[in-house]
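Protein chains in written order, with our numbering: chain W, 1 to 111; chain U, 112 to 223.
Worth double-checking, as some hints may not be accurate.
Said to hold, decoys possible - Here are the simulated lysine-lysine pairs, PhoX-like style, with alpha carbons at most 20 Å apart:
no. : chain 1 : residue 1 : chain 2 : residue 2
1   : U       : Lys166    : U       : Lys181
2   : W       : Lys52     : W       : Lys98
3   : U       : Lys182    : U       : Lys166
4   : W       : Lys68     : W       : Lys52
5   : W       : Lys98     : U       : Lys164
6   : U       : Lys164    : U       : Lys181
7   : U       : Lys182    : W       : Lys98
8   : W       : Lys77     : W       : Lys98
9   : W       : Lys68     : W       : Lys56
10  : U       : Lys166    : W       : Lys98
11  : U       : Lys182    : U       : Lys114
12  : U       : Lys168    : W       : Lys98
Said to hold, decoys possible - Label-pair restraints from in silico Cβ distances:
no. : chain 1 : residue 1 : chain 2 : residue 2 : range
13  : W       : Lys60     : U       : Lys168    : 18 to 26 Å
14  : W       : Phe18     : U       : Thr194    : 36 to 44 Å
15  : U       : Arg120    : W       : Thr26     : 31 to 39 Å
16  : W       : Gln45     : U       : Asp139    : 20 to 28 Å
17  : U       : Pro150    : W       : Ser14     : 21 to 29 Å
Please keep in mind that the hints were generated in silico from the structure rather than gathered at the bench.
Every residue, glycine too, gets a C-beta built ideally from N, C-alpha and C.
Listed below are the residues making up each chain.
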Amino acid sequence: GNSVTQMEGPVTLSEEAFLTINCTYTATGYPSLFWYVQYPGEGLQLLLKATKADDKGSNKGFEATYRKETTSFHLEKGSVQVSDSAVYFCALILSASKIIFGSGTRLSIRP
Amino acid sequence: DVKVTQSSRYLVKRTGEKVFLECVQDMDHENMFWYRQDPGLGLRLIYFSYDVKMKEKGDIPEGYSVSREKKERFSLILESASTNQTSMYLCAARDTVIYEAFFGQGTRLTVV
C-alpha cells in the first residue's frame with residue numbers, strides 16, 4: 001500500500017543550527033510529494049512541493065528533493081529560527097486519490 | 112490562493128448532541144476532505160468527497176457522516192457526540208490537476 005514514514009520528534013535545535021527531517025515513502029505509481037507546516041493552534045499550510053523525480057521544492061529557506069531511487073523527500077534548512085518552531089508533515093498525493101500524511105515531526109528551536 | 116474556511120475555531124458540545132462542522136472553499140475544487148488530528152496519531156481521514164453528492168469513507172468514519180449539496184461546502188456531522196470525538200478537525204480542498212491541498216484553520220471540538 002501507499003504510506004509515508006517520517007522521523008519521530010520532537011526535534012529540538014538551537015537557533016542557526018542545520019535542520020534535517022527525514023521522510024520516506026512507499027507508493028504505487030508516481031506521487032507528488034509535499035511538506036506541510038502547522039504552527040501552534042493553526043491549520044496546515046503548504047511549505048513546498050515536488051511533482052516528479054529530481055525536482056527540488058523550496059520556500060522560506062527550506063528545501064527538499066524528490067529522490068525516486070531512495071524513495072525519499074527529506075526536508076532541510078541551513079539555519080533555523082525560533083519562528084520555525086512548528087509541526088512538519090510530509091505527504092504524498094497520487095492522482096484521483098486521497099492525501100497520505102506522515103505522522104508529523106514537532107520541531108522546537110531554542111533562542 | 113484558495114481559501115478554505117471552517118465555521119468555528121472552538122466548539123464545546125455535550126455528549127449526545129448532534130454536531131455540525133461546516134467548511135467552505137472559495138474555488139471550484141472537486142475534492143474536499145475531513146481529517147481529525149490527535150496527539151501521537153497524526154492526521155486521520157474521516158471522509159472525503161470527490162464531487163457534489165459524492166462521498167467516500169476514509170479510515171475512521173464511524174460515528175460521522177458528511178453532506179456535500181453544493182460544490183463549495185462540505186459538512187461533517189457527528190450524529191451523537193461522544194467524549195472520544197474531542198479532537199482538532201481539519202477540512203481541506205484539492206484541485207484534481209494541481210493536486211495541492213489547501214486547509215482550513217481547524218476546529219477544536221470539545222465534547223463534555
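Hints, verified against the model:
1. Lys166(U) - Lys181(U): 13 Å, holds
2. Lys52(W) - Lys98(W): 18 Å, holds
3. Lys182(U) - Lys166(U): Cα-Cα ~12 Å, so holds.
4. Lys68(W) - Lys52(W): 9 Å, holds
5. Lys98(W) - Lys164(U): Distance of about 17 Å is within 20 Å: holds.
6. Lys164(U) - Lys181(U): 8 Å, holds
7. Lys182(U) - Lys98(W): 17 Å, holds
8. Lys77(W) - Lys98(W): 28 Å, violated
9. Lys68(W) - Lys56(W): 12 Å, holds
10. Lys166(U) - Lys98(W): Roughly 12 Å between the alpha carbons, so the hint for Lys166(U) and Lys98(W) holds.
11. Lys182(U) - Lys114(U): 14 Å, holds
12. Lys168(U) - Lys98(W): Cα-Cα ~11 Å, so holds.
13. Lys60(W) - Lys168(U): 18 to 26 Å: This hint is violated: roughly 36 Å between Cβ atoms.
14. Phe18(W) - Thr194(U): 36 to 44 Å: 43 Å, holds
15. Arg120(U) - Thr26(W): 31 to 39 Å: 35 Å, holds
16. Gln45(W) - Asp139(U): 20 to 28 Å: Once the Cβ atoms are compared, 21 Å apart, the range 20 to 28 Å for Asp139(U) and Gln45(W) holds.
17. Pro150(U) - Ser14(W): 21 to 29 Å: 25 Å Cβ-Cβ, so the 21 to 29 Å window holds.
Going down the numbered hints, you'll see the structure goes against 8 and 13, while the others check out.
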